[in-house]
Amino acid sequence: MASHVVYNISLQVVGCMYWDEVQENWSTRGCRVGPNTSSSRTHCLCNHLTWFGSKIFVPPNTLDLSLIRANIQDPAQYAAVVSVMCIIWGLYAIGVVWARRQDKNDALKVGVHFSPSNRPGSRYLYEIVVCVGTRRRAGTTANVAIKLYGDQQDSQPFLLDDSNRNSTPLSRGSNNSFIVTTSEALGQLSYIRVWHDNTGSNPALFVKKVIVRDHVTGDTWHFLCNRWFAVDEGDGMIDRVVPMTSQEELKHFKTIFMDKTKKDLTDSHLWFSIVWRPPDSNFTRVERVSCCLSFLLCTMMANAMWYEVPTGSNTQVDIGPVQFSWEQVSIGIMSSMVVFPINLVIVQIFRNCKAKKNRGKRLLGSPKGGNRVCVTSNSKILHHEDIDTHISLPSDTSRTSFWSNKRSKNPKKIKSLPWWMTYIGWLLVTLTVLASTVVTLMYGIQFGKHTSEKWLLSMFISVTHDIFISQPLKVILLALFFAYVLKKPPSDQNNNANELDSKELLQQCNKRDTNDVIDVEAPSVPLGALSNDALEKARDRNDKERKMSVILTDIGTYLTFLWVLLVIAHSRVDSAAYWQSRSISDVLMKTTYESPPESGLTKTFQKISNDSEIWLWTNHVLLPALYNLDWYYYTKTAPKLVRGGAGLVVGFARWRQLRKKKDTCLITGVMRGVIHHCTDPYSMSTQDETNYNSRWRPFNTSDVPPSPSTIWSFNSASKLNGYPYFGEISTYSGGGYIVPFSSIYYKAVKEIKHARNNSWIDRYTAGLFTEFTLYNPYSNLFTASTVLVEVLPTGGFHVRPEFFTFRLYSLVGDFHIFTLVCDVVFLLFTSYFTFRELKKLYKDKCSYFRDYWNWAEIVIMVLAWIAVADYFICLGIRKWTLKLHQENPNDYTNFQYISAWQMSFESILGILVFISTIKFIKLLRFNKKMFLLAYTLSRSAKDLAHYGIMFLIVFLSFAQFYYLLLGSDYDSFSTFVKSIEKLINVLLGRFSFEEFLIPFRIMGAFGFFLYMTLTNFLLLNMFIAIIVESFTEVKLSPELARNEFEIMEFTVERVREVLGI
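For reference, each letter of the sequence shown is one residue, going 1 to 1061 in the UniProt record's numbering.
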């Protein structure tokens, strides 16, 4: 019968070269590749001696068209790749529509605006650039005015407005250029005054800085502000005097660093600039979105070309903890050559290309330049040829000298590419994205389902790391270099008015009729000043609007966070886990065996009374269950699952014994003749770690040391990869003496028989662990099984079984991509909430800790970050554990570490879900009844704390009383902790009265009567009285909650206004 043989071929191109000192280049003359060349080293044969090197070229993955044709018949093989491509192109389509609309809005934010307050006859021209911040609500709808103060004279107030209602000056993140005119020069400016009238839906304004340019002398003055002009932000001021900033202040580290960082993140960072693009940039958002698509698809193609390409170790380089090979460097260089050159050319074309000159008139602030326009008070748009008329320049001679003087002060224009290069840029984008899409799809089809999914996951992590970590870090480091080393002050960012000096403009200055322009008289000072009562009302309303916005945002983000958290938590829990644990528990713990043999008496393992029953249970229950003898006897084939179908054994099982040292306790003089040997109870510090001969015989100097793998040699916890285990009697170490079970049943029986015949379990055994791990492929669940037999100091036995079932592979199934997305969203939410709380802590200082809801936020954030760390630790330990199993598949693989970390991860998620759900009460604080309940508890917190101390004293007193009285007679009182648990059950009504009467009938009855009287009748009623008193006080003080309820009423009112109800 013919069989198919699959060969994997790895291709490497190597060469031998030397450094030619004459030509100053690498040359192959006199050198050839030797016959001993392999994938791990290059053998070179040369007829001369000099500096040598080996050329290393790692070819990309080849496209196997036959394999692609075969895989394309099964859509499941490439469904993930096609889905990702559809998502990318769908997001691109949505992004282009959004970007086009934003480009149109940006077109209204740029250009040169003429202040409506310019007076007729004024000849001296100033340009005022107002840089609005990027903070939330930084743009304003109010009327903003400015006044300049010089050493010769002061200007009149100028309204910084645009009468063209299609434009939006002083919007968030914009740099607005306003032309104002004065009758004479003001001289050197010393300070400016800025204010607004607090009108409109969003009157708040955050000004970063103001730049004033003298277009006659070319002088420039900077006024750094970085302050709010708002009644509900900062110090509540809307009228400020801003002094001029000196050159020394402009060179401060903070100023340069912040300006450089903002500029690079909003313009140079390709991905971030899609959202925060400067409105006056020639590089439009649509072009940026297209460049991002090209870069992403090229990156995917390059990553697929060299994905999982083998790299040899012949060029391994170690630099401290960093290790790399020249093959990896070669792959990095070649993939960069695939991605960066073409995309760099495309970006530079779009960034430096001039706009096409249109014959018709374009709107104010065209993103590609064109005919820039200025605005006058009569809503008419002034073009460049109308400027002289608007500022009333006197005559042709003076006008010519004016513009000539101004033109001489202008900086040189930056060279740009011709407008038709834009079409070349779009052609390159089209060709690049189409070619990258086709090649990437072909690689995805060739990879198949599993390889393509791993490739997409690695690609997602790589791109995310580059966008959110590498690129911002590069921007910050570059800004640090500029601010700390170069110390170059920030350059002017707005040159919109610099286009007003062309000769063509001078020739058209006389063509405008002066009747077309209507000027507006300057407003009086202060412009629209508000009274104190009006300011207070405005502050109150704005404060309510701000709180309403914060409340609605908190509710939305918190509900989304809670939903994501619940999805993550429930994805780690499976109802089949309980049944899998119960199945193996019933097989091992409830299966009966005959003890003593042939006596007809049966018992379960939980009721063992001597060590011989351990051997009986092992031979009649444990081994038949693990090797599924029933299946073998019935089918005559090797079973794949254990008895009961709970899963298959991963590795195989083992016994691990911990022992006590001999003769470690002191025997009193009276009993020395009776008792000859005595040992202390087991502890990790005094456990026996000696290597023995068979039957636990000590070594003699003449004996040959046993092999470390024998059952009589001690293995440390580090060797066994174990950790301490908490039992009922003691805490046991992760090491011990090992009996491994063979993968074949009769060999395992032989091993157990050998251990029994040589008394492997004896009087010095402190704990015996039966350890194995099961995996159920049908439910995708692992079960870490541990059955601990503890030997009591009195000679009895205590059996403690533990079966922990967990999901090791969470990213499987139809919803694994969705689960991964939820994990990423959870990380983003955690980062956002952490930043928000740190910002709140910085603002509120110590008062932050006075609100108990803030403590809940702290606990949630701490647990969330612990869960994130635990998640990545579990990934690392899972990889390490599975690697150990793959290296030794027939040996026992210790899953204790991964099960412990997985248990801690699930426990943290459970606590996090609990606290996050409890925090949901905060969202109901606007309901009066719910608020009264919460406020009652907070109001009575101090009294309840005092009550709790008194109750704790009484309760602990009774716990000690019953522990000392009944500890030797009942298991429920055998320890102090169990006494506390029992008394809590008594409060809940779950107890047996007989336990309190034996053996001290009168004292037990009296103590029980006293306990019930103090706790149920006295202390419980006192607790109710405290709550009732606090609730009465809260109801009589409704003004304490008035502000919260007003915010709710205000929110409802605003919603009705929006909906028109």
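Mixed in with the good hints, there may be bad ones.
As the list claims (entries may be wrong) - In silico DSS-like pairs for lysine-lysine, Cα to Cα no more than 30 Å straight-line:
id	residue 1	residue 2
1	537	747
2	547	251
3	942	474
4	840	547
5	590	208
6	879	845
7	263	843
8	922	208
9	474	251
10	661	753
11	747	607
12	544	208
13	537	607
14	590	603
15	753	590
16	919	547
17	544	662
18	843	978
19	104	354
20	104	251
No lab work stands behind these hints: they were computed from the structure.
Legend entry - Indices of hints not satisfied (ascending): Violated hints (numbers, rising): 1, 2, 3, 5, 6, 8, 13, 17, 18, 20; every other hint is consistent with the structure.
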